[in-house]
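Undergrad: Those sequence lines, one after another, are chains A and B.
Letter 123 of the first sequence, counting from 1, is numbered 123 in my numbering, and no numbers are missing.
One rule links them: number in my numbering = place in the second sequence (from 1) + 1000.
These are computed hints drawn from the structure, not numbers from a lab.
For glycine and all other residues, C-beta sits at the position ideal for the given N, C-alpha and C.
Hints may be right or wrong, so weigh each one.
Some chain B residues well away from chain A (every beta-carbon gap over 10 Å; in silico) [said to hold, decoys possible]:
# : residue
1 : D1293
2 : N1303
3 : L1472
4 : F1489
5 : V1541
6 : P1542
7 : C1572
8 : C1579
Here are some of the chain B residues that sit facing chain A, going by a computed Cβ distance under 10 Å [to be verified]:
#  : residue
9  : F1019
10 : V1082
11 : L1439
12 : K1443
13 : D1459
14 : I1462
15 : V1463
16 : T1544
17 : T1581
Cβ-Cβ distance ranges computed for the label pairs, FRET-style [to be verified]:
#  : chain 1 : residue 1 : chain 2 : residue 2 : range
18 : B       : P1507     : A       : M1        : 25 to 35 Å
19 : B       : T1590     : A       : M1        : 29 to 39 Å
20 : B       : R1281     : A       : D264      : 54 to 64 Å
Now for the letters of each chain:
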Amino acid sequence: MSYIRKPAFQHPNLPKNEIGLTRRDYEGAMSTLCAGCGHDSVSAAIIEACYALGVEPHRLAKLSGIGCSSKTPTYFLSKSHGFNSVHGRMPSIATGASMANTGLKYIGVSGDGDSASIGLGQFAHAIRRQVNMLYIIENNGTYGLTKGQFSATNDRASVGRKGQKNQFDPIDICSLAIQLGASFVARGFSGDKAQLVPLIESGMAHEGFALIDVVSPCVTFNNHLGSTKSFDFVREHNNAVMATDFVPAREQIHAEYDKGEAVDVQLHDDCTIRLRKLDDDYDPTDRASALKYLADHHDRGEVVTGLLHVDTGIENLRDKAQLVDQPLNELVERDLVPSQALLDEVNQRRRW
Amino acid sequence: MNVQRPLGMRPTDIEDPQFFHKIVDCQWACPTHTPVPEYIRLIAQRRYTEAYLINWYSNVFPGVLGRTCDRPCEPACRRGRVEDKPVAICRLKRVAADNADSIDAYMPEIPAEKNGKRVVCVGGGPASLTVARDLLPLGYHVTVIERDKQSGGMMRSQIPSFRLPDRVLDEEVDRILDMGVEHRVGESVSSMKALLDEEYDAVFVGTGAPRGRDIDVPGRKEAAANIHVGIEWLMSVSFDHLDAVGKRVIVLGGGNTAMDCCRTAKRIGGEDVKVIVRSPRETMKASPWEIEDAEGEDVDIWNNHVPLEFVHEDGRLTGMRFEKVRAEYDADGKRSLVPTGEEPVLVPCDDVLVAIGQDNAFPWIERDIGIDFNRWDLPDVDPVTMQSNNKRIFFGGDAAFGPENIIRAVSHGHHAAISIDLYCQGKDLTDRPPPQHNLISQKMGMHQWSYHNSVSEVDRHIVPHAEKGIALKDLHLEVELGFDEQLGFDEAMRCLNCDVQTVFTGPKCIECDACVDICPVDCLNFIANGEEQDLRERVRVPATNTEQDLYVSDGLPTGRVMVKDEDLCLHCGLCAERCPTNAWDMQKFTYIEAQARDTWRP
Ligand SMILES: Cc1cc2nc3c(=O)[nH]c(=O)nc-3n(C[C@H](O)[C@H](O)[C@H](O)COP(=O)(O)OP(=O)(O)OC[C@H]3O[C@@H](n4cnc5c(N)ncnc54)[C@H](O)[C@@H]3O)c2cc1C
Ligand SMILES: Cc1ncc(C[n+]2csc(CCOP(=O)(O)OP(=O)(O)O)c2C)c(N)n1
Ligand code: SF4
Ligand code: SF4
Ligand code: SF4
Ligand SMILES: [Mg+2]
Chain A
1 MSYIRKPAFQ HPNLPKNEIG LTRRDYEGAM STLCAGCGHD SVSAAIIEAC
51 YALGVEPHRL AKLSGIGCSS KTPTYFLSKS HGFNSVHGRM PSIATGASMA
101 NTGLKYIGVS GDGDSASIGL GQFAHAIRRQ VNMLYIIENN GTYGLTKGQF
151 SATNDRASVG RKGQKNQFDP IDICSLAIQL GASFVARGFS GDKAQLVPLI
201 ESGMAHEGFA LIDVVSPCVT FNNHLGSTKS FDFVREHNNA VMATDFVPAR
251 EQIHAEYDKG EAVDVQLHDD CTIRLRKLDD DYDPTDRASA LKYLADHHDR
301 GEVVTGLLHV DTGIENLRDK AQLVDQPLNE LVERDLVPSQ ALLDEVNQRR
351 RW
Chain B
1001 MNVQRPLGMR PTDIEDPQFF HKIVDCQWAC PTHTPVPEYI RLIAQRRYTE
1051 AYLINWYSNV FPGVLGRTCD RPCEPACRRG RVEDKPVAIC RLKRVAADNA
1101 DSIDAYMPEI PAEKNGKRVV CVGGGPASLT VARDLLPLGY HVTVIERDKQ
1151 SGGMMRSQIP SFRLPDRVLD EEVDRILDMG VEHRVGESVS SMKALLDEEY
1201 DAVFVGTGAP RGRDIDVPGR KEAAANIHVG IEWLMSVSFD HLDAVGKRVI
1251 VLGGGNTAMD CCRTAKRIGG EDVKVIVRSP RETMKASPWE IEDAEGEDVD
1301 IWNNHVPLEF VHEDGRLTGM RFEKVRAEYD ADGKRSLVPT GEEPVLVPCD
1351 DVLVAIGQDN AFPWIERDIG IDFNRWDLPD VDPVTMQSNN KRIFFGGDAA
1401 FGPENIIRAV SHGHHAAISI DLYCQGKDLT DRPPPQHNLI SQKMGMHQWS
1451 YHNSVSEVDR HIVPHAEKGI ALKDLHLEVE LGFDEQLGFD EAMRCLNCDV
1501 QTVFTGPKCI ECDACVDICP VDCLNFIANG EEQDLRERVR VPATNTEQDL
1551 YVSDGLPTGR VMVKDEDLCL HCGLCAERCP TNAWDMQKFT YIEAQARDTW
1601 RP
């Protein structure tokens, strides 16, 4: 852990975004994670994406559970709202918050332990309900914070740091999310920001539940030879099926592309996700074939990355609940209490 | 079509000492390459004597220079690119000098038995004194011939004592004389031929640029009694030949001499003192801090006024007339001063000081003794060896290439001493001694370094001045009080330790990006290689300052290279702290410029 504060000096030519902030205005406190932890790169990617989207920090809330991964919201967007919940319980906090205040964007940050073990139930229901949020799992195949036990996402073939064998088959977070009906499912790698940043931008622009499973190596407990969540393994076995570009609304007019290659997915607010297939066999709109592809390629030891599934037609939780557009905490008595005339009318209807 | 990707930049050769030397911006800019950050750290540790010795080794006159140096290091200081103001390097040098204990015990030993070679230095300014200091420890017999009663050169005759007290100058000049110089004072050399006949093995000419330029406008002759050439006037004041001036004084010229003239005039009777300059303020030659100090003493500075004539009555100066102009620039950026057409301005005055430049003059050097003179009547001198076409005669300081400053004179002295030594030993002058350098890791613990890597964000501290009312009454009272220990410490902490280098070991890197993410000034990149210009455009923040190098690694496993833009690195060490594999390490780079056969080191 560094004992010094990050100097406030920044590059004088650092560009500013549309609301006049630099990338550094989206930073948080100095990380206390191990040097080189993949999670810090994910934080940097979130910072980059929020900067590029011109997010107003006070219009965003960061939610997390428990784990090294769940500590990271402290390390980005220090001017945003935050809630650090109990282990595995971030989805219920996110569900409540996202319903109560529709005026904020929600980023949940969790770990493979937090979401695929203790919090699996809550995780599943957040997907099933289509909570409006971006849910990022920083997946390192281990419980980093508690010193390196196998997690539920660790591959059967992946041995522990001291050579211990893993006896259980893994839960594949992306397959699970597709099965449960998530409308946006992607996998990234902390060591590839060029791929990860547009995925985060797209996930934040998506209305509904967006999941990004980020393979994020634990340099201390799971980055050894024989681990399938190490930097080296992921680099060697990365099978990127989709190249994703995020095209914000303001750039729509200039966006040129070769129609034959790219498929555009229109998001709300005129943003677009531009997908280029890197493997012709992959179809991100067809759940069944996507699931089969993921299973087959996992068996071959590959790590399939990119935007794996997207469906903008699915009704999200706010739509389902027919929520008013206004955040609930902004509703005043007049909005909430029916007038005497209306009450009388209702009462009249009940009389018989 | 077969498009070939450019191979790109070659990996940086960090074995070449000049790569890291250049990153130490201040040391690189210093003509004598003083190890600045090293002495600043010592000041912060209150190890003033060591800080002084490091300076003394490189620049010979730390107490003098801590007050008067032209400080080329400060505009170069990285801190000036990171924030507004550079570290007050020059004033920190004075902190070392003010607080150092006696250094007598650490002085180089002077051999009792001489090496049989005799060297003479003409003029006792900083250039000659440096030659003497460098050669005496090697066993040379060194003679210094000085026209004035004491050595010191313009440090004594020109720089006013309210900027440089005599005791400070005496201490540093005497230290060299006491090393065993044969000191011939009050003797003006009037013939080089005669000097050569004295059969010295080598002659060093350090006679400065002693001729002040005069002005030729109507009335000059008639009003001569009250018109003075600046450097001659300053010398008269320094040597107590003159102690008064009229109440209304005009100083002509916009350089440092003009600033010393006006401030001196303020102290010996001048009440209404104006500096009147032909050109616009932006192009004035004086250092910004000298202008600031003059204005602080209520001197008016008028720009864009060209002298037309001296006005006089009955042979007495009554004023000066000026034409108002404005600067215009043609397509090539060449400036001309164009009259505005307004009425000429009459400025009444009692005395005029002409400080419009200095020239070299060598009336005492015969033109048939093998020294070639160029069309500005300057001798042909090799800029590296300082040797003239007469192989036995060397030049340095203002005498070599025209008026410059003390630190440049000292640098010339070191170079000349190396050459004189090689020459007297019958060696090749182009085979010069290399600098000494090394790199040492500063790692002390997981995230602990043997330097203070936390970056101070405080603004540059201002040097306290003596109260104006008192200072202006006393010609000899030093105006700047210098930093006290606390201010010195606070200012020292602003130094970014640019000599503690980020050293990259490619084979250790796992390309986790941790260093890229933490770097506060976005120096670091892992990108595909390319030609320099291409890389400069593709890094996180375009590297537009081409005076600062890119540090490029060999190819990494992903095929990319590490590219670091050295321009704004804070040397905070966070990259090395966040690196899981120690691929980055913070290593102190020591660079010691060569001097004549080093027999001694601080
Ligand atoms: C007013 C003024 C202010 C200055 N202020 C600063 C300042 O603040 N900081 C700075 O860095 N520089 C300053 N300078 C410049 C600086 O003083 C000179 O650049 C520097 O002193 C040059 O050193 P030198 O060894 O070449 O010669 P000098 O210092 O000029 O010394 C030459 C010596 O040679 C002697 N001499 C000359 N001819 C003969 C001869 N024929 N025989 C015997 N002796 C002879 C002279 O008497 C003199 O003592 C200033 C200059 C002036 C004029
Ligand atoms: C209710 C509860 N049970 C157990 C723990 C202990 N615990 C803390 S973090 C953690 C696992 C974290 O793993 P993961 O979510 O993968 O985070 P990582 O540290 O790997 O990023 C566990 C089991 C706890 N804090 N609370
Ligand atoms: S233990 Fe692992 S997951 Fe936790 S901070 Fe260290 S490297 Fe990251
Ligand atoms: S020392 Fe490292 S982290 Fe600090 S500014 Fe320099 S490159 Fe960046
Ligand atoms: S932190 Fe170290 S290992 Fe990681 S990319 Fe930087 S140099 Fe390489
Ligand atoms: Mg984990």
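Undergrad: Restraint: T1544/B near chain A, CB-CB cut 10 Å. Satisfied or not?
TA: At about 7 Å, which falls below the 10 Å cut-off, the nearest Cβ of chain A leaves the hint on T1544/B intact, so it holds.
Undergrad: Interface hint check: K1443/B, Cβ to nearest Cβ on chain A, cutoff 10 Å. Holds or violated?
TA: 13 Å, violated
Undergrad: Given T1581/B as an interface hint, is the shortest Cβ-Cβ distance to chain A below 10 Å?
TA: At 7 Å from the nearest chain A Cβ, T1581/B passes the 10 Å test, so the hint holds.
Undergrad: Mind checking the CB of V1463/B against every CB in chain A and telling me if the closest is under 10 Å?
TA: With a minimum Cβ separation of about 24 Å from chain A (threshold 10 Å), the hint on V1463/B is violated.
Undergrad: Given a hint of 25 to 35 Å, does the C-beta separation of P1507/B and M1/A actually sit inside it?
TA: 26 Å, holds
Undergrad: Do the numbers back the hint for I1462/B, that is, is its least Cβ distance to chain A under 10 Å?
TA: Interface hint status for I1462/B: violated (21 Å vs cutoff 10 Å).
Undergrad: Within 54 to 64 Å: is that where the Cβ-Cβ distance between R1281/B and D264/A falls?
TA: 59 Å, holds
Undergrad: Report holds if the minimum CB distance from C1579/B to chain A is greater than 10 Å, and violated otherwise.
TA: Non-interface label fails for C1579/B: nearest chain A Cβ at 6 Å, not farther than 10 Å.
Undergrad: Could you see if the CB distance from T1590/B to M1/A stays within 29 to 39 Å?
TA: For M1/A against T1590/B, whose Cβ atoms are near 30 Å apart, the range 29 to 39 Å holds.
Undergrad: Is the hint on D1459/B kept, meaning its closest Cβ partner in chain A is under 10 Å away?
TA: Nearest chain A Cβ about 13 Å off; hint violated.
Undergrad: Would the hint on V1082/B stand, with a C-beta cut-off of 10 Å toward chain A?
TA: 5 Å, holds
Undergrad: Once the closest CB in chain A is found, is it more than 10 Å from F1489/B?
TA: F1489/B clear of chain A: closest Cβ-Cβ about 18 Å, beyond 10 Å.
Consistency note: the structure conflicts with the earlier hints numbered 5, 6, 7, 8, 9, 11, 12, 13, 14 and 15.
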